[in-house]
Structures are given as C-alpha cells and as structure tokens.
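Asker: What follows is each chain in one-letter form.
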Amino acid sequence: MSQKLVDRIRKGIGDKARRIDVRSPRRVYVDIAPNDLVDVVKYLFEDLRARYVIASGVQVEDGFEVLHHFCFDADHVVVSVRVKAAPEKPEVPSVAPIIKGAEFIEREMHDLLGIEFPGHPNLTRLILAEDWPEGVYPLRRGKPWEGKVSQQL
Amino acid sequence: MKSIVPIGPFHPLQEEPELFRLHVDGETVVDIDVDIGYNHRGIEKISEGKTYDQVPYLVERICGICSTSHPLAFVQAVEDLAKIEVPERALYIRTVVAELERLHSHLLWVGLAGHFLGYNTVFMWAWKYREPVLDTLEELTGNRNNYAMMKVGGVRRDFDDSKMSKVRKLLDDVWEKVVMLAGAVTDDPVLHARLKGVGILSPEDVHNYGALGPTARASGVPIDVRRDDPYAAYDRVDWSVITHDGCDVFGRAVVRVLEMLESVKIIRQCLDKMPKGPIDANVKEIPPGEGIGHAEAPRGETFHYVRSDGTNRPVRHKVRAPTYMNLPTFKSTVIGQSITDATIILASVDPCYSCTERMGVYDASNGRKTLDGKELLRLSQEKTQRLRREMGK
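Heads up: the protein sequence lines correspond to chains A and B, in order.
Counting from 1, one number per residue, gives the positions in the first sequence under my numbering.
Counting from 1, one number per residue, gives the positions in the second sequence under my numbering.
By construction, these hints were calculated from the structure, which means they are not laboratory data.
Note that the Cβ used here is the ideal one computed from N, Cα and C, for glycine as well.
It is possible that some hints are incorrect.
[Unchecked claim] Counterexamples of contact, computed for chain B against chain A with all Cβ distances above 12 Å:
1) G26
2) E27
3) M164
4) V190
5) D228
6) D229
7) V283
8) G291
9) V306
10) R307
11) T311
12) M325
13) T329
14) G336
15) Q337
[As the list claims (entries may be wrong)] Taking lysine-lysine and the DSS-like style, the derived pairs with C-alpha atoms no more than 30 Å apart in a straight line are:
16) B:K83 x A:K84
17) B:K265 x A:K100
18) B:K265 x B:K169
19) A:K42 x B:K331
Build the full structure now, drawing on both the sequences and the hints.
Answerer: Printed below as a string of structure tokens:
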C-alpha cells in the first residue's frame with residue numbers, strides 16, 4: 001500500500017526528491033533541497049491532502065535537519081520530508097503560509113534551535129520568555145552560554 | 001465597547017498554563033491571541049540525558065490525565081527505530097490500559113463540560129463514575145494514574161487473571177451509566193439549544209490547522225490513529241471510529257460520549273482474546289537510526305520522533321501533544337461567538353482544561369476589571385438556565 005503512494009509522490013515531485021527511503025511499509029522519508037520545500041509541501045498538503053502532523057528540528061554533525069511529518073491516514077503511511085540547513089545561520093523556507101498548523105512549530109524551532117524561517121507571517125517568540133537573551137538556543141549543542149542571568153532566586 | 005479578556009495564564013486545573021487574549025466588542029469575540037510557553041519544562045532536552053528505560057517515566061509526566069499515551073507513543077517510536085516485535089499479550093495489555101484511560105479522561109471532560117454549562121448534577125455523576133475506572137486501573141497496574149506500564153519491547157507488569165471478573169463487572173456498570181449519559185446528552189432539548197451551532201470548526205479548517213481527535217471527528221473528519229496506523233491490539237478487535245457532522249460543541253460532546261461505549265467494547269474483546277505468554281521482548285540494544293511512534297490519546301494523536309546514535313540515550317526526542325494542534329483552531333471557532341459561549345468552546349477541545357477561574361474582563365480604555373472568572377461562569381450557567389426556562393424544562 002505504501003508502494004502506490006510512493007509512486008504517486010515520486011511522479012508528483014519528480015527529481016525534486018533527492019532520495020526516497022521506504023524504511024518500512026508505514027514509514028517513508030523523502031530528502032529534498034530547501035529550495036524545493038514549499039513546492040513539495042504544497043503538493044503533499046494541497047494536492048494529495050495529507051494531514052500535517054508536526055515538524056522535528058534536529059541538530060546533526062553538519063548542521064541542522066528539519067523534518068516535516070505528514071500522515072496519509074487512508075494509506076496508513078507517515079511521510080517525513082527532510083531538508084538540511086547550514087550550521088551557521090540555519091535557514092529553511094517557511095511552510096506556514098500554506099499550512100496554518102505549522103505556525104506554532106516553526107516559531108518553536110526558531111526559539112529553541114535558532115533556525116530562521118523566511119516567509120513566516122509572525123516569527124516571534126513562542127516558548128521562550130521575552131527577556132531571554134538573544135542568540136541563546138536551549139536545544140543547541142556546543143559551546144555553553146557564558147552570559148550572566150539577570151536574576152537569581 | 002472594545003475590551004480584552006485575558007484567560008490565564010495560570011490555573012490549578014491545567015497542567016500547562018496558557019494565556020488567551022480575547023478581543024471582545026460588546027459581547028462578541030472579534031479576535032483571539034494564544035500565548036503558550038509559560039511553563040516550558042524542557043522535557044525534550046531532559047530526555048536526551050535519560051536512557052531508553054528512563055524516558056517512559058519522564059514522558060509519562062507530561063500529562064496528568066492521559067499519562068499512558070506519551071509513553072506508548074515513545075516506546076512505539078523506539079520499536080519502529082529498532083524493528084522490535086512486541087509479544088502478543090503485551091499488545092493486549094497496552095490496549096486495555098489505553099482504553100481505560102480514555103474512559104476516565106472522557107468522563108472527566110463530560111463532568112467539567114456539565115459544570116461550565118451549569119449542569120452540576122452531570123459534573124457530580126460523571127466524576128462519580130470515573131472513580132471506579134480509576135480503582136480498576138489501580139488494581140491492574142498499581143496506580144490510579146501514571147501507571148508505568150509501558151517499556152520498550154513490551155509492558156512492565158502482567159495482568160492478574162484472578163482480577164478479570166471484577167474488571168468485567170466494572171465494564172458492565174460503566175456501560176450502563178454511559179448509555180444513560182448518552183441518552184441524557186442526545187435527548188436533552190436544552191443542551192441542543194445551548195450547544196448546537198456553537199464553536200463551528202469546518203472540515204477545511206480541520207485540515208488547515210491539523211486538528212486532531214474528537215475535535216476533528218466531530219467535524220466529520222474520520223481520523224483515528226488506532227485505525228489509520230494500527231498499533232497495540234486495535235487491529236485484532238472489532239470497533240468503529242465515531243464521527244459527527246455537526247462541527248460544533250454538541251458534536252464534540254456526542255463523539256466523546258459514544259467513544260466511551262467503543263472503549264468498553266474494545267476492553268471486553270481484549271479480555272476475551274488476550275493470549276497467555278511473555279510480556280516483554282527483552283531488548284538489550286538500540287541501533288542508530290530514527291523512528292516515529294504515534295498513539296491516539298483521549299484528545300487526539302500523540303506523536304513522538306526519536307533519533308538514536310547507537311548509545312543508550314536518544315540524541316533527539318521530539319514530542320507533540322494533541323492540544324498543540326487543537327489550540328490554534330480557536331482562531332476559527334471562537335471569533336464571532338458570544339462571550340457567554342467562549343468558556344464552553346475553549347473547553348470543547350478538552351485542552352486539559354483551560355482557565356476560566358482566572359479569566360477576567362478588563363475595560364481596555366481604563367484597565368478596570370469589569371467581569372471576573374466567577375462572573376463569566378455565572379453568565380454561561382445563566383444562559384443555560386434561561387434557555388431551560390424558555391423551553392419550560
């Protein structure tokens with residue numbers, strides 16, 4: 001059942017898919033370039049009517065990965081679209097103009113991992129407090145923050 | 001007069017504080033802002049420092065009501081990652097615990113919804129019936145809540161077969177009461193008048209916002225992870241996905257009540273079919289890779305994504321609770337509605353309950369409090385009373 005869906009996706013997005021990995025009958029991972037993200041997401045969400053689940057932001061050795069997860073409920077398959085971003089100033093095009101349900105999670109990834117989402121209608125803080133220092137991202141690994149806390153209980 | 005009504009951010013009934021700013025013009029809500037993150041606990045980060053055996057205990061504490069759905073989604077994500085076969089008996093035990101949880105969670109919601117509408121009898125009765133369900137969970141798992149049953153590759157404790165007759169008797173009792181509740185909800189003309197056409201969420205908006213669970217199903221969108229990506233023993237028993245095409249608060253109430261009957265059906269079949277055998281696959285190692293697990297919590301799909309590098313701890317663990325997707329739908333359900341209906345609309349997605357007690361109406365021009373939480377609750381209850389009087393009930 002996932003094969004039919006994979007064929008449809010492959011036909012729909014053509015050579016935008018760098019790699020389609022069918023991990024198991026119910027889990028498919030599609031790797032694409034960030035520039036193609038908006039087109040691919042539009043195809044999955046609007047043409048194939050996939051249900052938007054959430055995005056996962058992951059820090060990897062050579063930068064960041066953002067996975068947009070989609071559920072094809074009738075086909076019993078979860079499709080994850082993966083894009084990579086650079087380690088310095090990571091940037092991934094926003095899908096929030098297409099999917100209202102993605103507004104929150106992109107703001108969250110912006111807060112916690114420091115990924116920029118050009119095209120987002122309102123990329124303000126969601127999780128972190130307004131007085132949280134600029135440029136400090138709680139989910140990032142690497143150099144610990146050396147600033148001072150303004151208040152201590 | 002335009003005013004802003006802040007609801008929240010803190011309320012003793014909520015496990016996650018939120019702030020809703022209702023912009024009202026007279027009695028009509030014209031806009032709403034949702035603000036979350038008041039008590040971000042950093043569970044995803046803590047999880048990176050825990051072993052695969054410890055994480056279920058951690059994620060169990062994300063939600064106090066649906067405390068088994070997070071561990072279940074997590075262990076399924078790891079099982080997907082490591083391609084683990086879970087023993088049959090463990091799958092049935094998982095199903096029974098998850099459905100008992102749905103029963104008590106929906107009963108809790110019915111009670112609270114009743115309270116907000118001014119049906120305090122419903123509140124008392126629903127919570128009275130919830131107690132035996134919690135007692136059963138205690139007998140089976142050792143805890144009324146936070147059952148600590150899930151583990152990667154199986155479950156931690158076996159069910160004691162000598163207790164099964166007691167469980168069956170409880171199911172018979174619950175069935176009877178829920179049938180009565182279902183009758184009370186669907187036959188009461190006051191409830192029809194109060195809840196129908198209130199808080200409309202169109203199927204198109206369900207798709208746009210990615211709304212989940214009873215909130216989506218009450219808009220006629222038949223999504224349910226239990227059927228769409230079967231896990232545990234849901235594909236081995238006979239049950240149906242409850243939908244309603246009302247798209248309103250009434251539909252959400254009906255879906256929840258009828259789902260409880262399906263839960264009883266599922267548990268009964270599980271008890272009949274449960275095989276004997278091992279309950280744990282004894283997993284020793286987790287290979288590098290990534291996995292996805294999701295489970296249908298009482299409020300909708302709970303989704304976990306796990307990335308492993310081959311050590312005994314996950315390198316990344318993403319958690320998405322159903323309310324995260326259901327909250328933004330307020331933009332489409334509350335706007336244009338009367339403030340008397342705001343409480344029940346916000347309650348209707350069951351956001352692990354929102355904060356009416358802390359809600360107050362302020363006059364934006366002078367910052368003076370004009371209505372507080374008690375007032376708003378009174379308004380909501382009075383509307384029901386008025387309808388009841390008008391209908392001669």
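Asker: With d taken as the least Cβ-Cβ distance between G291 (chain B) and chain A, does d exceed 12 Å?
Answerer: Non-interface label fails for G291 (chain B): nearest chain A Cβ at 8 Å, not farther than 12 Å.
Asker: Is the Cβ of T311 (chain B) farther than 12 Å from every Cβ of chain A?
Answerer: holds, 14 Å
Asker: Next pair to validate is K265 (chain B) with K100 (chain A); report whether the Cα-Cα distance is within 30 Å.
Answerer: Not OK: K265 (chain B) and K100 (chain A) at ~36 Å, beyond 30 Å, violated.
Asker: CA of K265 (chain B) to CA of K169 (chain B), is that 30 Å or under?
Answerer: holds, 13 Å
Asker: Once the closest CB in chain A is found, is it more than 12 Å from E27 (chain B)?
Answerer: Check passes; 27 Å lies beyond 12 Å.
Asker: For Q337 (chain B), is the shortest CB-to-CB distance to chain A above 12 Å, so the non-interface label stands?
Answerer: Correct as stated: the minimum Cβ-Cβ distance to chain A is 19 Å, above 12 Å.
Asker: Would you check whether the claim that M325 (chain B) is not at the interface survives, using Cβ distances to chain A and the 12 Å cut-off?
Answerer: violated, 6 Å
Asker: Regarding the assertion that T329 (chain B) does not contact chain A, is the least Cβ-Cβ distance greater than 12 Å?
Answerer: Per Cβ check, T329 (chain B) is inside 12 Å of chain A; nearest 9 Å; violated.
Asker: Checking a non-interface call: every C-beta of chain A should be farther than 12 Å from the C-beta of D228 (chain B). Is that right?
Answerer: It is violated; D228 (chain B) is separated from chain A by about 4 Å at its closest Cβ, not greater than 12 Å.
Asker: Holds or violated: is the Cβ of V306 (chain B) farther than 12 Å from all Cβ atoms of chain A?
Answerer: Its Cβ does come within 12 Å of chain A, the nearest being 10 Å, so this is violated.
Asker: Take a quick look at V190 (chain B) and tell me if its Cβ sits farther than 12 Å from every Cβ on chain A, holds or violated.
Answerer: holds, 34 Å
Asker: According to the definition I'm using, a residue is off the interface if its beta carbon is farther than 12 Å from all beta carbons of the partner; does G336 (chain B) meet that for chain A?
Answerer: holds, 17 Å
The structure is inconsistent with the numbered hints 5, 6, 8, 9, 10, 12, 13 and 17, although it conforms to all the rest.
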